[in-house]
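Asker: When we follow UniProt numbering, the leftmost residue of the sequence shown carries the number 1, and every step to the right adds one.
Hints in this document: simulated from the structure, not taken from any laboratory. Heads up, the beta-carbon is just placed ideally off N, CA and C, and yes, glycines get one too. Check each hint, because a few of them may be wrong.
Here are the simulated SDA-like pairs of lysine to any residue, each with C-alpha atoms no more than 20 angstroms apart in a straight line [claimed, not checked]:
1. K126 / T283
2. K126 / V286
3. K126 / G191
4. K126 / P211
5. K126 / A98
6. K126 / I94
7. K126 / I241
Okay, the calculated beta carbon distance ranges per label pair [claimed, not checked]:
8. P110 / L163: 26 to 32 angstroms
9. Q364 / R59: 19 to 25 angstroms
10. R60 / Q351: 53 to 59 angstroms
11. R59 / L320: 29 to 35 angstroms
12. G245 / G77: 29 to 35 angstroms
13. Q364 / D318: 18 to 24 angstroms
14. D200 / G245: 25 to 31 angstroms
15. Q58 / A112: 50 to 56 angstroms
16. A83 / L301: 22 to 28 angstroms
17. R62 / L111: 41 to 47 angstroms
18. A83 / M353: 29 to 35 angstroms
19. S164 / G127: 31 to 37 angstroms
20. R62 / A112: 44 to 50 angstroms
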Amino acid sequence: MAARNGRVLSELVIRRRMWPSLLAHHPRSLITARRSAAPPDPPSPPSPPPPVIDEAAQRRAREIEQELQLARDIQQGLLLEAAPHLPGWEVTAISLPARDLGGDLYDFLPLADGRHGIMIGDVSGKGLPAALRMAVARTVFRHEARRNADPATTLAAVNRGVLSEIPHGMVTMLYLQLEPRSGVICCANAGHTFPLIVTDELRELEVSGLPLGVDHESEYTELSAAIAPGESLLLYTDGLIEAEGPDGQILGFERLAALVMAQPQRKPRALAAALVHEVRSWTNGVLSDDVTMVILRRRLLDLTAEIRSVIADVVGSDRLEPLWDALFAGDIPADAEAWRDLLPRLQAPAQAMLGRGLARELIQQIRLTLDDYREVA
1 MAARNGRVLS ELVIRRRMWP SLLAHHPRSL ITARRSAAPP DPPSPPSPPP
51 PVIDEAAQRR AREIEQELQL ARDIQQGLLL EAAPHLPGWE VTAISLPARD
101 LGGDLYDFLP LADGRHGIMI GDVSGKGLPA ALRMAVARTV FRHEARRNAD
151 PATTLAAVNR GVLSEIPHGM VTMLYLQLEP RSGVICCANA GHTFPLIVTD
201 ELRELEVSGL PLGVDHESEY TELSAAIAPG ESLLLYTDGL IEAEGPDGQI
251 LGFERLAALV MAQPQRKPRA LAAALVHEVR SWTNGVLSDD VTMVILRRRL
301 LDLTAEIRSV IADVVGSDRL EPLWDALFAG DIPADAEAWR DLLPRLQAPA
351 QAMLGRGLAR ELIQQIRLTL DDYREVA
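Modelling step: build the complete structure from the supplied sequences, incorporating the hints.
Answerer: In structure tokens:
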């Protein structure tokens, strides 16, 4: 018995001593065996089902986009068709909506006795609701402006119409009547930004009143002023001075004034382009509110001085004198007809100095100016 126990004990000792050697020579088999004995991994969750295409929703989205496009076309038609030709004046109007559809509006309306009505406004809200209110407000304005003799009475009537036709909607509106030959304007204001007269200094016409759609009994006062030859009139909505930069800082009236007065003799087209560029740069192209401007300039009485201003506007003031000397060489036409006779002979030298495109633009602008003076004469 003792001998048997000794043999068993010896075998156990030998096997125990062999385990490290076995592990050293066959580690993978042991690990694999242990893994195979472990329970299997849980199954992966099933893949989500493919998204269900809601054809009805897509169809409705297309219908909404078509309706919005129609509204855009109507709105732009209302604005673009309103730009007038006023003999003796240059006129530019521009509107930049913060969204696809804006709530700003402007209008021009021929009146009795050769006067012209000019309106600019801002409807509360943005998007499609504001655009619809804008269309209603313009319709009400046109109806009342034809029925009433003066700006104050017109705005009071428009106010009642807005309260009736645009419930819960507020509109700011500036309305003035211009007598083109004398340059006299008479204006009334329903909560809108003040108009600016641009001369060697900037002058605000401080006439105010409650916005339309606030009080049924609102009455309005009038203020008259004269625009002298060479002076401009700037009408604008508050989106211009309240344009926000990325840091939340607004453009402000002071910056607007500095930009306008940097070149007070600038023509409306050039001034509007400069203001649009400033607003887009200030906001990085992202407008928080609609921006609308109407700019009028009364032409100079002296035709030669006006044509010099046309040339400076087209080619730049720094190129005015060299071009003037090269084109005319001291032989200045005496009147509009003499200027008109000279135009065909200006084409070749202007093209040689400016290039075909700029020369064509210059000749066209001089021709439009001569037509304007013929109508005024």
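Asker: With reference to the structure, classify each hint as holding or not holding.
Answerer: Verification of the supplied hints:
1. This hinted pair checks out: K126 and T283 have alpha carbons roughly 18 angstroms apart, not beyond 20 angstroms.
2. Our distance criterion of 20 angstroms between C-alpha atoms is met by K126 and V286, whose separation comes to about 14 angstroms.
3. At most 20 angstroms may separate the alpha-carbon atoms for a hinted pair to count; K126 and G191 meet this at roughly 18 angstroms.
4. For the proposed pair K126 and P211, the alpha carbon gap of about 17 angstroms is at most 20 angstroms, so the pair holds.
5. Distance restraint check for K126 and A98: the Cα-Cα separation of roughly 8 angstroms lies within the 20 angstroms cut-off, and the hinted pair is therefore satisfied.
6. Note on K126 and I94: the hinted pairing holds, with a Cα-Cα distance of about 18 angstroms set against a maximum of 20 angstroms.
7. Between K126 and I241 the CA atoms are separated by roughly 18 angstroms; this keeps the pair inside 20 angstroms, and the hint holds.
8. Roughly 28 angstroms separates the CB atoms of P110 and L163, a value that falls within the hinted 26 to 32 angstroms.
9. At roughly 48 angstroms, the beta carbons of Q364 and R59 sit outside the given window of 19 to 25 angstroms.
10. Between R60 and Q351 the beta carbon distance is about 56 angstroms. The supplied range of 53 to 59 angstroms therefore holds.
11. The hint said 29 to 35 angstroms for the Cβ distance between R59 and L320, and at roughly 59 angstroms that hint is violated.
12. The given range of 29 to 35 angstroms is respected by G245 and G77, whose C-beta atoms sit roughly 33 angstroms from each other.
13. Distance hint check for Q364 and D318: the Cβ-Cβ separation is about 22 angstroms, which falls inside the suggested range of 18 to 24 angstroms.
14. Distance hint check for D200 and G245: the Cβ-Cβ separation is about 30 angstroms, which falls inside the suggested range of 25 to 31 angstroms.
15. Against the hinted window of 50 to 56 angstroms, the Cβ-Cβ separation of Q58 and A112 comes to about 54 angstroms, which satisfies the hint.
16. The beta-carbon spacing between A83 and L301, approximately 24 angstroms, falls within the hinted interval of 22 to 28 angstroms.
17. Range check, R62 to L111: about 44 angstroms between beta-carbon atoms, so the 41 to 47 angstroms window is met.
18. Against the hinted window of 29 to 35 angstroms, the Cβ-Cβ separation of A83 and M353 comes to about 31 angstroms, which satisfies the hint.
19. Checked against the given bound of 31 to 37 angstroms, the beta carbons of S164 and G127, roughly 23 angstroms apart, lie outside it.
20. Checked against the given bound of 44 to 50 angstroms, the beta carbons of R62 and A112, roughly 48 angstroms apart, stay inside it.
Comparing the model with each earlier hint shows violations of hints 9, 11 and 19; every other hint is respected.
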